[in-house]
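Protein chains in written order, with this note's numbering: chain A, 1 to 348; chain B, 1 to 348; chain C, 1 to 348; chain D, 1 to 348.
You may find that some hints are simply not true.
Said to hold, decoys possible - Now the stretches of chain B that chain D is said to cover, found in silico as 3 or more residues with beta-carbon under 8 Å:
#1 160-167
#2 192-200
#3 216-229
Claimed, not checked - SDA-like cross-link-like pairs, simulated, lysine to any residue; straight-line CA separation at most 25 Å:
#4 301/A to 280/A
#5 122/D to 314/C
#6 301/A to 317/A
#7 301/A to 15/D
#8 269/B to 26/C
#9 301/A to 122/D
#10 184/C to 165/C
#11 15/D to 106/A
#12 122/D to 3/B
#13 122/B to 106/A
#14 301/B to 33/B
#15 43/A to 223/A
#16 269/B to 333/B
Bear in mind the hints are in silico, worked out from the structure with no lab data behind them. C-beta: ideal position from N, C-alpha, C; glycine also.
Protein chains: 4
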Amino acid sequence: MIYFNNDYAEGCHEKVLQALAETNLIQTPGYGEDAYCRRAAEKIRALCAAPEAAVHFLVGGTQTNFTVIDAALRPHQGALCAVTGHIHVHETGAVEATGHKVLTVPSADGKITAAQVAEVVKAHRADSSFEHMVQPKLVYISNPTELGTLYSLAELEELSQTCRELGLYLFLDGARLGYGLMAKGNDVTLPDIARLCDVFYIGGTKVGALFGEAVVIPNAALAEDFRYLIKQHGGMLAKGRLLGVQFDTLMTDNLYFDIAAHADRLADKLRQTFEELHVPFLVPGVTNQLFPILPDAVLDKLSEHFVFCEQQRVDETHRAVRFCTSWATRPEDLEALCEALCQLKVES
Amino acid sequence: MIYFNNDYAEGCHEKVLQALAETNLIQTPGYGEDAYCRRAAEKIRALCAAPEAAVHFLVGGTQTNFTVIDAALRPHQGALCAVTGHIHVHETGAVEATGHKVLTVPSADGKITAAQVAEVVKAHRADSSFEHMVQPKLVYISNPTELGTLYSLAELEELSQTCRELGLYLFLDGARLGYGLMAKGNDVTLPDIARLCDVFYIGGTKVGALFGEAVVIPNAALAEDFRYLIKQHGGMLAKGRLLGVQFDTLMTDNLYFDIAAHADRLADKLRQTFEELHVPFLVPGVTNQLFPILPDAVLDKLSEHFVFCEQQRVDETHRAVRFCTSWATRPEDLEALCEALCQLKVES
Amino acid sequence: MIYFNNDYAEGCHEKVLQALAETNLIQTPGYGEDAYCRRAAEKIRALCAAPEAAVHFLVGGTQTNFTVIDAALRPHQGALCAVTGHIHVHETGAVEATGHKVLTVPSADGKITAAQVAEVVKAHRADSSFEHMVQPKLVYISNPTELGTLYSLAELEELSQTCRELGLYLFLDGARLGYGLMAKGNDVTLPDIARLCDVFYIGGTKVGALFGEAVVIPNAALAEDFRYLIKQHGGMLAKGRLLGVQFDTLMTDNLYFDIAAHADRLADKLRQTFEELHVPFLVPGVTNQLFPILPDAVLDKLSEHFVFCEQQRVDETHRAVRFCTSWATRPEDLEALCEALCQLKVES
Amino acid sequence: MIYFNNDYAEGCHEKVLQALAETNLIQTPGYGEDAYCRRAAEKIRALCAAPEAAVHFLVGGTQTNFTVIDAALRPHQGALCAVTGHIHVHETGAVEATGHKVLTVPSADGKITAAQVAEVVKAHRADSSFEHMVQPKLVYISNPTELGTLYSLAELEELSQTCRELGLYLFLDGARLGYGLMAKGNDVTLPDIARLCDVFYIGGTKVGALFGEAVVIPNAALAEDFRYLIKQHGGMLAKGRLLGVQFDTLMTDNLYFDIAAHADRLADKLRQTFEELHVPFLVPGVTNQLFPILPDAVLDKLSEHFVFCEQQRVDETHRAVRFCTSWATRPEDLEALCEALCQLKVES
């Protein structure tokens, strides 16, 4: 069986593993106050052109999301996101467990628009009983989104401007950020994100690390006392250096970006194959996640050799599924998948 | 100005006031452990034909909702309700502040069906990553709903059976229960509710009391240690006897039901007036809340003498608004409203 | 039986009841946005010489404590209080239920000193792993304390100065504030409290109201969005006017202060009786709560006619108990108690 | 500089690293549903002689503590521990952040006795206003404790029996369990712990793993839906196999126990050195943590070459400090420390 069901089926990139091995017996201070963390943070600040930004390393995505949101909000405030947002759907109510409601707006492609944000906030403020409703205070977006789509620079600029005008924070979940930054047609850079967001993170777990997310906080108001929050929410590793070593390696010699580009290239090839076979997509995508709509019969056949992810039923005989490439995907495996698709299609 | 905007614009029924005055200087134990509370609880158990049910008195509806839900759920469990549910829309995230997500299903009339509950629960259990999502464990319904509609006995039976089969609790918010029980066409009784729900409350604030909600817990599993929860959530009055005295009075000589019937009768008359004038309704209603759709011009005129509640814009020239009658509504005021409507209609 | 066990055994002062009756059928807006609340708030601001302070009315003490503390703190911050503090001991963990730790310092008399606060904060900041501990951010004091003692103006000035120097909020729980303000020897005024505290409340439940606490927030930073917090925490009465009417009455013609002085005078007389009988006290007190240490035999006899409150065992044959007077205590009942004490003492 | 300040200054044991490397590119399902986790759990169940126990792997100690406690308690219930307990002192209020109060009893040696538990629970139940106080429901102990002391089997039996009689859960934090199990004089085994506790964990972070704690839940009532809780609290690694691989390795061929014994042997040697030099201890200890009381002058000298941990000032010229050995401590470094101590002592 070859796995295309997600981008976290393997361990980590060999260079990351090597760095962990090389530093393994070096003694360091605990809890992220070591030289590796400092160096990784320095590199990230440089890559983001954000010399004043705070940088912290947490273990996983859900943890990062609820820690950031809980740090940013007062009790009566909520996070606004697309109805497909990871915090709304797939984190077992972790944000609500910190006491905050997740407010949603409809979305077909996983994105949220500046206009939607403005409409929600204005409607809230115009309501005569606004104090009986949760106050929208933070906008949560994922880039790439849960559906593999990307914000354009123009969209991000507009969202950011709207948030600032309305006094909301903009938080970008970058669990798959590398795959977004390196995607064909992407026009958003790390310095753009650091300039336009109040807080965001660069995902490691899905892009070459064993685990780890690098939180960048350009807005100083959100950075205060953040380490207390990490500790309280269980995100402060005794051996914090593990995160520093990993991100230090990933942010050296363009590694993070190169391995993300690898995944995007393979996904691109897979997309072309689908297109040539006239397979429609649930949403158009340019990153490492593709959501083709295929006949049940084809999927049954495919599943004899390949693992993919169920997304949703489309009609009585078709389902949308997810195929993921990753930093670890072997070109020959992708090749095998494309061939299988071509053969199946002919048969069907 | 005459107020029809809600059912809590006045204080309390004169008999309630009188009882408070008569008992005012009698010394009693605090925190609801007095004879008045015991007597009121006894009467409620009798009216509900639920001799084993626990009965507690809390101060207000939001408080009651989050106390009951927090008492019933484990951290990873959520409350399921109609998208119009009061806990979802109008309680400033009080349920989420206790750590629990509110899950919603669509609803045009404020109600939720057994089929919807079953679908949500089955979809949850069938999902391969169900542990990444909040577990639906309690169904929250309002009766009457926020839109003034009522569950039929058949609907309630079906909901209850579905909840029991699936291992969910059924919680009925009865903030306006009196108006529902006495409404024309209602076929649900207090014993029905006590038999079919795990926990519910009989609203006092909107039906003749100064304040107060009587929580009835037929399901013994939900009753354990409930007083701790009341205290922790700020619902335990030092002078708990105030709640006992009020409910004791309301539950004596049918007072609660008579005054609710009064409001329903006046609402019925208002509805007939609207119907005669061919005014459509946002939703059909038989209780003390009516949601007619009227031209802006008519509403502007009306608002010179009457206060009502904005509900939603329907089209460019029409809005749905809410008119409420209550135990305190004076027949002559209702008469004046009907006359004004007839005159305006003629003019318009 | 005559009750001296607490100061909430009766309903409310007759003038309060009369005001509730007189306004009962007047229609007002809900949720505390009525003219009575505005007027009561105005009077309180004037009495506090704090024209800019926000004033809100909540239902009870526990509710007020956790609402204020939750409004003031970020997730990693805690409230510091005496080990005897009501929030630490007698609120079923209501503050912790909002996510915040209660930090304590030892106290023999219910009070906390500026030096203790400074020591805790300095130790926290000096600790190399301070981020692993809850950050003290708010000092909670009760005045009178749970043991009936009072802060002097000098003590309060010093506490306030220390808090301001260290960046902590000072929150005064005034559940029995009236009894403190009118006590013999008290040198603290409402304007002093408004000047020295960031937030405090004037208790109504124990001083003549049916229920209700008036929160005063001189520190504008703590006032922002406070109504959302009240709603979320279940403290916003639909008929908010009930609180306005009560406080409006209590703050008119010195009523609140006169009835508190009545209780203090009776307590004073009782204290003199104890002193004449050479009965020692657990703590010296000047307000309406007294904590005499009496032989078990005497207490057994007393309990045939009087109800008092158990405080703690002192030795094998003596217990400390609590006697409370209140705005409602009848002079003849106090007289009876004093006589019984004199007779018992003679006998014993 | 040689570090003796803690037991998490290095990465992981070489065999653990090797296993991570060997399995690095193998594709597995995510979120702990892989074969490594299953195998590690199987081995742990066997070692604990608890074939029915649930076993889960979490990332760190604080996370494990608040996840277990939040899973076990209803909102009004609290965790009882020694005043030195890690959850009370060093987790930034993480337990309180889930809404639960930490209740404490005094302790000089880090341990809590069955008699203390019984006393707290009986006092709670005997109090007439018990519902105004947090209900003790879970006893949290650490073994070894934060002061390096150990529970004897007799003490643990008694604690367990008391908890069961009183209806409380017993939760053992085994962050350093290996060092305890292998300590000279220890008479407690893993099967004992599994038999006597409702839930406990076997710490990996401090005993040879990069990170990770293995939670064992012999009490089935606490195991229900535990994976939801892990996910909600941020403890579910996408690459859960990392935890499985590590614990699988540690639990193979006695590795975990051998490396713990290594640390204990070195600590034993250090203790003997202190004893020969007549250096007193803050508490007597047999595990890998020692708390000697030394003159400031000696500590100043020592700190030129060795890193240790400040514990507390004892008198004007002496401080208690902590020295830790670990699975990674090199015998020659321990030798160097002992020699330095002997020389300094002669000089002083």
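Okay, the segment 160-167 of chain B and chain D, do three or more residues pass the C-beta test at under 8 Å?
-> The restraint on the segment 160-167 of chain B is violated, since only 0 of its residues have a Cβ under 8 Å from chain D and three are required.
25 Å Cα cutoff - pair residue 301/A, residue 280/A | 18 Å, holds
How about the segment 216-229 of chain B: do at least three of its residues have a C-beta closer than 8 Å to a C-beta of chain D?
-> holds (count 4)
Hey, residue 269/B versus residue 26/C, does the alpha-carbon distance stay inside 25 Å?
-> 24 Å, holds
Has the given pair, residue 43/A with residue 223/A, been kept, meaning a C-alpha gap of at most 25 Å?
-> Within the cut-off at roughly 18 Å; holds.
Restraint check for residue 301/A with residue 15/D, where alpha carbons must lie at most 25 Å apart | 41 Å, violated
Please work out if residue 15/D and residue 106/A have their alpha carbons no farther apart than 25 Å.
-> 50 Å, violated
Does residue 122/D pair with residue 3/B here, judged by a C-alpha cut-off of 25 Å?
-> Judged against 25 Å, a Cα distance of about 55 Å means the pair is violated.
Does the alpha-carbon distance linking residue 301/A and residue 317/A stay inside the 25 Å limit?
-> Since the Cα atoms of residue 301/A and residue 317/A sit roughly 14 Å apart, the hinted pair holds (cutoff 25 Å).
Verify the proposed pairing of residue 184/C with residue 165/C, using a straight-line Cα cut of 25 Å.
-> With Cα atoms ~31 Å apart, residue 184/C and residue 165/C exceed 25 Å; violated.
Decide if the proposed pair is consistent with the structure: residue 122/B and residue 106/A, CA atoms, cutoff 25 Å inclusive.
-> The given pair, whose Cα atoms are some 23 Å apart, holds under the 25 Å limit.
Given pair status - residue 122/D, residue 301/A, alpha carbons within 25 Å = Measuring from Cα to Cα gives roughly 65 Å; hence the hint is violated.
Going through the hint list in order, the structure does not satisfy hints 1, 2, 7, 9, 10, 11, 12 and 14.
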